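J.: Same order as they appear, the protein sequences are chains A and B. Heads up: the first sequence begins at 0 in numbering that gives the first Met the number 0, then just goes up one per residue. Heads up: the second sequence begins at 0 in numbering that gives the first Met the number 0, then just goes up one per residue.
Source of the hints: derived by calculation from the structure; they are not laboratory data. Computed from a prediction, not measured in an experiment: that's the story for all the values here. Misleading hints may appear alongside valid ones.
[Said to hold, decoys possible] Computed footprint of chain A on chain B, listed as stretches where at least three residues anywhere in the stretch have a Cβ under 8 Å from a Cβ of chain A:
| hint | segment |
| --- | --- |
| 1 | 311-324 |
| 2 | 398-409 |
[What the hints assert, rightly or not] Within a straight-line C-alpha distance of at most 16 Å, the following computed EDC-like cross-link-like pairs (lysine to aspartate or glutamate) qualify:
| hint | chain 1 | residue 1 | chain 2 | residue 2 |
| --- | --- | --- | --- | --- |
| 3 | B | K212 | A | E197 |
| 4 | A | K102 | B | E378 |
| 5 | B | K102 | A | D93 |
| 6 | A | K208 | A | D227 |
| 7 | A | K212 | B | E197 |
| 8 | A | K208 | A | E125 |
[As the list claims (entries may be wrong)] Quick list of the computed label-pair ranges, beta carbon to beta carbon:
| hint | chain 1 | residue 1 | chain 2 | residue 2 | range |
| --- | --- | --- | --- | --- | --- |
| 9 | B | A100 | A | Q52 | 39 to 47 Å |
| 10 | B | E175 | A | R213 | 34 to 42 Å |
| 11 | A | P317 | B | R86 | 56 to 64 Å |
| 12 | B | P317 | A | T101 | 29 to 37 Å |
| 13 | B | A293 | A | G207 | 53 to 61 Å |
| 14 | B | S215 | A | Q109 | 30 to 38 Å |
| 15 | B | N106 | A | E329 | 30 to 38 Å |
| 16 | A | T99 | B | S215 | 27 to 35 Å |
Backbone N, C-alpha and C define an ideal beta-carbon position, used for all residues, glycine too.
There are 2 protein chains.
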Amino acid sequence: MTTMIEAIQQIGREARQAARAMMRATSAQKAQALHVMADALSSQRATLKAANQRDVEAAKIRSLDNALLDRLTLSDRSIDLMIEGLRQIAAMPDPVGELTATKIRPNGMQVAQMRVPLGVIGIIYESRPNVTIDAAALCLKSGNAAILRGGSEALHSNLALGKVVSHGLMAAGLPESAVQVIDTPDRAAVGALITMTEFVDVIIPRGGKSLIKRLSEEARVPMIKHLDGNCHVYIDEFADLSMAVDIAFNAKTYRYGVCGAMETLLIHQAVAPTFLPEIARALIAHGVELRGCARTQALVPQALLATDEDWATEYLGPILAIRVVDTMSEAIAHIERWGSGHTESIVTSHIIQAQQFQREVDSSSVYVNLPTCFADGFEYGLGAEIGISTNRLHARGPVGLEGLTTLKWVLQGHGQTRG
Amino acid sequence: MTTMIEAIQQIGREARQAARAMMRATSAQKAQALHVMADALSSQRATLKAANQRDVEAAKIRSLDNALLDRLTLSDRSIDLMIEGLRQIAAMPDPVGELTATKIRPNGMQVAQMRVPLGVIGIIYESRPNVTIDAAALCLKSGNAAILRGGSEALHSNLALGKVVSHGLMAAGLPESAVQVIDTPDRAAVGALITMTEFVDVIIPRGGKSLIKRLSEEARVPMIKHLDGNCHVYIDEFADLSMAVDIAFNAKTYRYGVCGAMETLLIHQAVAPTFLPEIARALIAHGVELRGCARTQALVPQALLATDEDWATEYLGPILAIRVVDTMSEAIAHIERWGSGHTESIVTSHIIQAQQFQREVDSSSVYVNLPTCFADGFEYGLGAEIGISTNRLHARGPVGLEGLTTLKWVLQGHGQTRG
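With the hints as extra help, turn the sequences into a complete structure.
T.: This is the structure in structure tokens:
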């Protein structure tokens, strides 16, 4: 036990050392490392798939479910996607070193902020081995060192992918320990990782709510995270109802399992009699189960009666809660009471309603006339995404390269003194 | 005990409620509240000084030291400064609602970030009652609710100042509980405040290192803070030595007690024989005790031998540690090893040296040709300062109104759907 914790601390110590070198890495070195990684993924397909096969077979013996097997499997298609992702990240502008907010003070000194890496980033994830490459690439591009801890069921795959990453780092003259894959399946390794504040600057967990909840209770290192994506679409009294049907249908059915999927639909009472039967027909035809308030049931007899449990739940599946409200304020109050601060949307053609909703709803993303399933860093133009944050401090909403950096103040003078 | 914790939780619950109203407060309301507070401070001087007198007398009976009595005392001068501060904050631009990074995506949807309040801010401070007004004003201006917990020795003063704040809030139609002063001297109240993550979004501690260290060990709510200001000035081989003397002297002697005071002076060996005797003469004449490495002692016989303890110490007094180094890299390595990530400066006329130092030193502020005592929000042009942060996430360096806000994503479309 002590030995394992010492091993994790040694990983932390090396990561901190590597972070100092990564802070100084040039854009050209980082791009080279990413391209070499892409080339190696391509040339080492057979080795990678063999390592992955060991994980997949072990998972089959343990009778893990098909969804997990699907996430665990490295196919040619998933390897191609990783290669494409690496090339895209290599081509993105380097966020490090950018100077902003430059101004000259009355005494002639120049004050500015410089974008710099965060330092050491710990990523904790579950069964998808491609996260090893995606996370390594984003941390590398933003000049950080990374410690990766994937699911134990993907250990052989992750170690093989980790070798590809090492290869890229070394080819570019960067420290191999800038990206380290924790090679023990022992769960106590995670406990060590999330508490060693001297070596780790931030933890980004990717996984289910129960994992993240447990981690946040134990962590001493700050986390960039979200727990729930209990997202709402509010159909306003002044909505274009044809647009409202498209938006609500897309928000629910684009993909049931994404965190931006709509889980509760709120409808102004003035439009409910027209809108609700129409959207209900479309959703029921698509296999979505409806659970609504009494007023919903009056208009849609197929809907079950919703309970408080329904307002609180992120279904991540083909179920939708529906509530008819008297006013927009009641919709906002419902979101305040039950929402998770992730993503909410109003459908309205009334500019004042739109402004008020967007100002008053206290979520990391607030939309007008768009489905909540747009909650994604690529859709926002970030070029890449390491996760979505509902934190209030630092990065909020989809987190791209910029969220993996911080600002330091840089001042220049010519001998001005104070006082 | 339970009752006290319930009382603090009730304060938290009310603050959360008030934060929702504050988020919607107009700039005019916030300015009005600040001006009414300033007027009330002016008209209620006698009442405030009487309340303060109770605290001062109690402190005298407990034989608290003169420095503390000085910080505790509300004079006409300190009341005038609070009034001036309130008027200045009232006149500053409102940070809330600002839209940045607006762009149109290929599908026509508009993506932007809106600056919004953080929510509920807990401020924990020591004996200075003026912090009650300064902190309340900054939280109010940035649209947050505040919970204030000052030193128990200043309780009567803080409660009297809290009434002035309430008066301003109510006059502007804002909730009285947007700023609450904790009225129990019980230390367990602090423990409750820093752990109730459901009601408090961030804690800003202002005080000595031991207080802040203890708080960070127990806190579950994120903190914006710094522990040490162990600041370094490095005199480069290419320094203008006359400028270097002015900068080093000012960095040490401007005020010994500020967190930006220089605590260690690093000197390139090539300039040490010329520079070191001169700065040593000036500092010794000013009553500063010098502690140096062996090479320092060879040039300045009065210097005591410095130990590792000296490199690690933030003296906050008339003592300076001095080390002669062979290269700039050695200076940077010393800062990495012993520094606190607060503020460091290089004196050099060589642009490449300046760039390298500014890029490689991993502190919240890095200067060229300026004394470290400029570490202050007013000097940076922030208009006000709630504290200085050495955190890597969120606000780093001097924290003004912007550090008390966060960004949310706001998207507008016209019915675009995904997939």
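J.: Could you run down the list of hints and mark each one as holding or not?
T.: Hints and how they fare:
Given a C-beta distance limit of less than 8 Å, the hint that chain A covers the segment 311-324 of chain B is violated, as 0 residues qualify and 3 are needed. Counting residues of the segment 398-409 of chain B whose CB falls under 8 Å from any CB of chain A gives 5; the rule of at least 3 is met. With a C-alpha separation of about 14 Å, the suggested pairing of K212 (chain B) with E197 (chain A) holds against the 16 Å cut-off. Between K102 (chain A) and E378 (chain B) the alpha-carbon distance is near 12 Å, which keeps this suggested pair within the 16 Å criterion.
For the hint pairing K102 (chain B) with D93 (chain A), the CA-to-CA distance comes to about 19 Å; that exceeds 16 Å, so the pair is violated. The straight-line distance between the Cα atoms of K208 (chain A) and D227 (chain A) is roughly 7 Å, inside the 16 Å bound, and the hint therefore holds. Between K212 (chain A) and E197 (chain B), the direct Cα distance comes to roughly 14 Å. Compliance with the 16 Å bound is thereby established for this hinted pair. With a C-alpha separation of about 12 Å, the suggested pairing of K208 (chain A) with E125 (chain A) holds against the 16 Å cut-off.
At roughly 45 Å, the beta carbons of A100 (chain B) and Q52 (chain A) sit within the given window of 39 to 47 Å. E175 (chain B) and R213 (chain A) have their C-beta atoms about 39 Å apart, which keeps the hinted 34 to 42 Å range intact. For the pair P317 (chain A) and R86 (chain B), the supplied restraint of 56 to 64 Å holds, since their beta-carbon distance comes to about 59 Å. At roughly 36 Å, the beta carbons of P317 (chain B) and T101 (chain A) sit within the given window of 29 to 37 Å.
Between A293 (chain B) and G207 (chain A) the beta carbon distance is about 59 Å. The supplied range of 53 to 61 Å therefore holds. Between S215 (chain B) and Q109 (chain A) the CB atoms are about 33 Å apart, so this pair conforms to the stated range of 30 to 38 Å. Taking the beta carbon of each, N106 (chain B) and E329 (chain A) are about 31 Å apart, inside 30 to 38 Å as hinted. Checked against the given bound of 27 to 35 Å, the beta carbons of T99 (chain A) and S215 (chain B), roughly 29 Å apart, stay inside it.
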